[in-house]
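Protein chains: 2
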Amino acid sequence: MLTLTPLPGIPLIQSGDDLAALILQTCEQANLQLADGDVLVLAQKIVSKAEGRLVNLAEVEPSTKAVVYAVETEKDPHLVELILRESRTVLRTRPGLIIVEHRLGFVCANAGIDHSNVAPPRTDEGEKPDDEWYLLLPEDPDASAAALRARLEAATGARLGVAIIDSHGRAWRNGTVGVCIGLSGLPGVVDLRGEPDLFGYELRVTEVGAADELAAAASLVMGQAAEGTPVVHVRGFPYPLREGSLNELLRPRERDLFR
Amino acid sequence: MLTLTPLPGIPLIQSGDDLAALILQTCEQANLQLADGDVLVLAQKIVSKAEGRLVNLAEVEPSTKAVVYAVETEKDPHLVELILRESRTVLRTRPGLIIVEHRLGFVCANAGIDHSNVAPPRTDEGEKPDDEWYLLLPEDPDASAAALRARLEAATGARLGVAIIDSHGRAWRNGTVGVCIGLSGLPGVVDLRGEPDLFGYELRVTEVGAADELAAAASLVMGQAAEGTPVVHVRGFPYPLREGSLNELLRPRERDLFR
Numbered sequence: 142m143l144t145l146t147p148l149p150g151i152p153l154i155q156s157g158d159d160l161a162a163l164i165l166q167t168c169e170q171a172n173l174q175l176a177d178g179d180v181l182v183l184a185q186k187i188v189s190k191a192e193g194r195l196v197n198l199a200e201v202e203p204s205t206k207a208v209v210y211a212v213e214t215e216k217d218p219h220l221v222e223l224i225l226r227e228s229r230t231v232l233r234t235r236p237g238l239i240i241v242e243h244r245l246g247f248v249c250a251n252a253g254i255d256h257s258n259v260a261p262p263r264t265d266e267g268e269k270p271d272d273e274w275y276l277l278l279p280e281d282p283d284a285s286a287a288a289l290r291a292r293l294e295a296a297t298g299a300r301l302g303v304a305i306i307d308s309h310g311r312a313w314r315n316g317t318v319g320v321c322i323g324l325s326g327l328p329g330v331v332d333l334r335g336e337p338d339l340f341g342y343e344l345r346v347t348e349v350g351a352a353d354e355l356a357a358a359a360s361l362v363m364g365q366a367a368e369g370t371p372v373v374h375v376r377g378f379p380y381p382l383r384e385g386s387l388n389e390l391l392r393p394r395e396r397d398l399f400r
Numbered sequence: 142m143l144t145l146t147p148l149p150g151i152p153l154i155q156s157g158d159d160l161a162a163l164i165l166q167t168c169e170q171a172n173l174q175l176a177d178g179d180v181l182v183l184a185q186k187i188v189s190k191a192e193g194r195l196v197n198l199a200e201v202e203p204s205t206k207a208v209v210y211a212v213e214t215e216k217d218p219h220l221v222e223l224i225l226r227e228s229r230t231v232l233r234t235r236p237g238l239i240i241v242e243h244r245l246g247f248v249c250a251n252a253g254i255d256h257s258n259v260a261p262p263r264t265d266e267g268e269k270p271d272d273e274w275y276l277l278l279p280e281d282p283d284a285s286a287a288a289l290r291a292r293l294e295a296a297t298g299a300r301l302g303v304a305i306i307d308s309h310g311r312a313w314r315n316g317t318v319g320v321c322i323g324l325s326g327l328p329g330v331v332d333l334r335g336e337p338d339l340f341g342y343e344l345r346v347t348e349v350g351a352a353d354e355l356a357a358a359a360s361l362v363m364g365q366a367a368e369g370t371p372v373v374h375v376r377g378f379p380y381p382l383r384e385g386s387l388n389e390l391l392r393p394r395e396r397d398l399f400r
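Protein chains in written order, with our numbering: chain A, 142 to 400; chain B, 142 to 400.
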């Protein structure tokens, strides 16, 4: 059985907040004891906010390239500049949308930069009312996951996994799904090649995107709107935990038929 | 909380088997009472097998086009012919792989035709030892899901959802994930546009591929190899149940930047 439980009462996260302490405190209040094999799944937004990845758009100077893409996509050139800075290359554009290969290696819309659910970092009088704050992805989500995992494992003595997820659109299909953008302590991809199937044939091409399946499951319970819960506790992840990394999930450009 | 429970003891499925009866019987034995809002997720294979979608490759006559693709992809021309018959168009090829737009509208490898976990439909003396049996996807998975749901709802009085899933590779990322290829009684895509976010901004582009997130979650607990369990009971699907269809999940070709 696989059980996914959103942790209740995680507060709005600010730059510098201690996510590990908050999660441990929330688990204690919810009477939830972390156990060997459990995985904690975090929405990218709270990791980015805790790491202070907010950018004031007014302070971003658009390059010529950004201005060109801004015209083409009918987007704010300051935002386009931010997107370009976070990306290796632009794959496709259309009005309102820039699909890039992110500097972290995955393909996503608008470099994963978010405006919804983003509050200004402070509300003191010095802030200009027309400031527009945007949230970048964590600098290194695998490292963020590893640091969080180390803290949680040290506090609980349990062998845990930590995954950081975002919602991505997909080629060919409508609707976003949760995908893993950083992980520690669990497999990204599980290689079942060589395992026998029900009739003794050898499975030859079955590599399962286990961390992405987990991300989609957790995304389902997180929700997207006002009632969102950004941390999900998972019990019953069916594959053995091991060290893992985002890289397992990224198809190299030269082996990708759709880039 | 979202709970996914693989139903224990589903036997190997043969053509003509009554899946609804088997599921009801299994639920009874497992002391599991289906309740309003529950969703049952089925692996495509058992639906296809019950519907008799096995094909003996020896009886398939390759067309000239199939022979050409067979050389290009180093695949059996009989199998390529089957793939072409199940497809609208071929999108990409490389040795061992043909990526098609399936006649059902989604993009997948080898038209979803499967050899692993496929036993001959009968083992009587008349079968030639070198026969190669392959399994096609269900003729109309939405209809299969609807028929199954009607039976289950009639027997239990509960308002249920039924999803049929397969494992698909993806553009850009390694590893397969579960995706929905047919559904009844639950949303394919949930439109959150217009909902307020945490700070009162309106979410403008959030359409969630809810049935695909559910499929990925169920795929995670089904497993792929010998111990696979092809039916998963889901409690706690977080969106309201409604009529739904595969079509919601399929991006029309003219709006797809990666086809």
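One or more of the hints may lead you astray.
In silico contact screen, one side only, chain A against chain B (beta carbon under 10 Å); selected entries [unchecked claim]:
| hint | residue |
| --- | --- |
| 1 | Val196 |
| 2 | Glu200 |
| 3 | Val208 |
| 4 | Val209 |
| 5 | Arg226 |
| 6 | Arg311 |
| 7 | Ala351 |
| 8 | Pro379 |
| 9 | Leu382 |
Sample of chain A residues facing chain B (criterion: CB under 10 Å; computed from the structure) [said to hold, decoys possible]:
| hint | residue |
| --- | --- |
| 10 | Thr144 |
| 11 | His219 |
| 12 | Tyr380 |
Listed next, with one range per pair, are the computed distances between beta-carbon atoms [stated by the list, open to error]:
| hint | chain 1 | residue 1 | chain 2 | residue 2 | range |
| --- | --- | --- | --- | --- | --- |
| 13 | B | Arg300 | A | Met142 | 17 to 27 Å |
| 14 | B | Arg226 | A | Asn172 | 27 to 37 Å |
| 15 | B | Glu215 | A | Asn172 | 28 to 38 Å |
| 16 | B | Asp158 | A | Met142 | 41 to 51 Å |
Calculated directly from the structure, the hints in this document are not laboratory data.
The model shown is predicted, which means the values in this text are computed figures rather than measured ones.
We put the CB at the ideal spot given by N, CA and C, even for glycine.
Now for the hints, and whether the structure bears them out:
no.: 1; hint: Val196; result: violated, 16 Å
no.: 2; hint: Glu200; result: violated, 20 Å
no.: 3; hint: Val208; result: violated, 22 Å
no.: 4; hint: Val209; result: violated, 19 Å
no.: 5; hint: Arg226; result: violated, 21 Å
no.: 6; hint: Arg311; result: holds, 7 Å
no.: 7; hint: Ala351; result: holds, 7 Å
no.: 8; hint: Pro379; result: holds, 6 Å
no.: 9; hint: Leu382; result: violated, 14 Å
no.: 10; hint: Thr144; result: holds, 5 Å
no.: 11; hint: His219; result: violated, 18 Å
no.: 12; hint: Tyr380; result: holds, 9 Å
no.: 13; hint: B/Arg300 - A/Met142: 17 to 27 Å; result: holds, 23 Å
no.: 14; hint: B/Arg226 - A/Asn172: 27 to 37 Å; result: violated, 57 Å
no.: 15; hint: B/Glu215 - A/Asn172: 28 to 38 Å; result: violated, 57 Å
no.: 16; hint: B/Asp158 - A/Met142: 41 to 51 Å; result: violated, 25 Å
The structure does not agree with the numbered hints 1, 2, 3, 4, 5, 9, 11, 14, 15 and 16 stated previously, though it agrees with the rest.
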